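Trainee: Chain by chain, the residues:
Number of protein chains: 2
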Amino acid sequence: MPELRKDPITQEWVIIATERGRRPSDFTQSSASEPERPEFSPTCPFCPGKEGTTPPEVLAFRNGANSNVSDWWVRCVPNKFPALAIEGELNKRGLGMYDVMHGVGAHEVIIESPRHNEDPATMSAFQMAEVVWAYRERYLDLRKDSRFKYILIFRNHGKVAGASLEHPHSQLIATPMIPIDVVNEIHGAERYYQFHERCIWCDMVRHELEQAVRVVSETEHYLAFEPFASKYPFETWLMPKSHQASFAAMTRERVVEFAGLMRDIFGRVSRCLNAPPYNFAIHTAPFDREDSDIFHWHMVIMPRLTIAAGFEMGTGIYINVTTPEDAARYLVEAKETTEAPITLEVSV
Amino acid sequence: MPELRKDPITQEWVIIATERGRRPSDFTQSSASEPERPEFSPTCPFCPGKEGTTPPEVLAFRNGANSNVSDWWVRCVPNKFPALAIEGELNKRGLGMYDVMHGVGAHEVIIESPRHNEDPATMSAFQMAEVVWAYRERYLDLRKDSRFKYILIFRNHGKVAGASLEHPHSQLIATPMIPIDVVNEIHGAERYYQFHERCIWCDMVRHELEQAVRVVSETEHYLAFEPFASKYPFETWLMPKSHQASFAAMTRERVVEFAGLMRDIFGRVSRCLNAPPYNFAIHTAPFDREDSDIFHWHMVIMPRLTIAAGFEMGTGIYINVTTPEDAARYLVEAKETTEAPITLEVSV
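Here the protein sequences come in this chain order: V and Z.
Note that the first sequence covers residues 2 to 349 in the working numbering.
Note that the second sequence covers residues 2 to 349 in the working numbering.
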């Protein structure tokens, strides 16, 4: 019998089609089937030596003092084909019965490594921490722009997940409004808070640790688990165990710890599902709620193993063919067996 | 400058990235690149002669009197791998902090033609009308089941759009709750009604006919246009010009007229975009609002030309790279030039 599960935050129902239950080997989407990438690609605009082909950098972690040269290990640049334009005012206006405004915002690329063939499943823990630190730096810089209300940090991995360039990179888009999905999460969390006077994500952390059937991995301060009403097979959430509304409130020490958990999880996902295409997004509090008792930041990893089709697009109800409990078990088993020595030293 | 446009119903913002503006030939997704289909496929479970390989039919339009034989032209069967199970009660219950119920519902397949290689872009107007009539019949039958609150009729065309079988078919899923996207549309339409005391879709029909920049085609009682805040390039809506809440309220005469407009539009979409993969869904009123002054049924066609990725999945904000006004112009130009004689006679 399939099961209908309700997302306790957004109240969205999800169909868990247990009888169609799919194991990792049943999924055929894999970015491993794409040609193997070299460490350096002469035609790649993000590889070292091509600094002149991107818009001038807005941040880089490098050894020397000169901008736009090749001694960097993480580099952030404006997107050459931005979805939103950095210049201009909103100019909100009506157009007949409709509402419109200028597409003002920021759209940046975080180039995660000089090496063309690295990604969060294979890079060093140090490199991962540097990437997350760059997210934070760019967030804090763009946050000063009073035209913006929200910043989404996200990653598209593999062609099926919408990545148009191979070189490892994440993206960030600052928007002049709070995105509807964030609004819906806040409304849901507010309803819960009014009833229980507790943060729903804090309750979820306690509940998942107690139940211990959907937990994948944890560190002292961070938890990775499969949410009860997962929309996608192997959907995974990473978040702080103690309440924190804004991603950018992490200290350097915590960034290093969180990046270690990311490295662990992306390694598991890659081993378990044969390097699947995926997206991730960091849901953080809007600027005006960075100290909120209600919102709790979380990273959502969405492997692209199945295709959302007419039913999902017409109803908002997702059909998930792997139970979160099964997915958690597979990911727990996919632990790295020959642990490479993890370098935790940080030099910025 | 990109433009932010607000969906007047759901209040969702969409980014219309005018400067990335893509023409039909810029999109490479095409189901025409899949191998050409024969009129009959010996391995296809939906081709005539294979009636025994599907679950027993629940409806068929055929010449003879015997069920499950090969003289049909439209045939409806339960889905062999249903997302929701037809037997059982809901058994709503709590599970720790979460809510769950049995996945009870109906999941049926409408086999649109005995010919393996037909589809709404190529079938006769008569055949299209018979398909839509079958939608209505199945809707009215399942509507009697008191466990259900909503029925979605939808279609997945091409592998990229989630179709697992080539043979032309649509699907229908009856759900025991009103889907969240429908709830959101109703809430939006209610807000508008409270303010204006008019149906927002009726206003949209008038506005679009007046503006005449997003209209693609029309018949006496039905309109096809590109919505102002289209989420997808070439997103197209078909709906009655006069108020009607439920799709199932159409008379036979109107079904024939509406099917003619569908045939016209799917032909245009196919010619314009080289047989693209697409989904469509019919948004109709929930059972308890079939006489609503607020809800107005509409069919939404969503070509799958771009990939929704981390940004869309993390915010709910879609990036559309073709303006609806451009899309409308291309679809207006894609009119069928050598009109095949349209048979309007109907024999059921």
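Bear in mind the hints are in silico, worked out from the structure with no lab data behind them.
The reader is advised that the hints may include incorrect statements.
Which copy? The list can't say, so a pair holds if one copy fits it or any two copies do.
Stated by the list, open to error - Only pairs whose alpha carbons sit at most 20 Å apart, straight line, appear in this in silico SDA-like list of lysine to any residue:
hint, residue 1, residue 2
1, K7, R148
2, K51, K145
3, K81, D27
4, K232, P177
5, K232, N64
6, K93, T11
7, K150, I181
8, K150, E88
9, K160, K336
10, K232, F82
11, K51, P79
12, K93, Q12
Note that the structure is predicted; figures quoted are calculated from it, not measured.
Trainee: Could you tell me which of the hints above the structure violates, numbers in ascending order?
Mentor: Hint check: 2, 5 and 9 fail, others pass.
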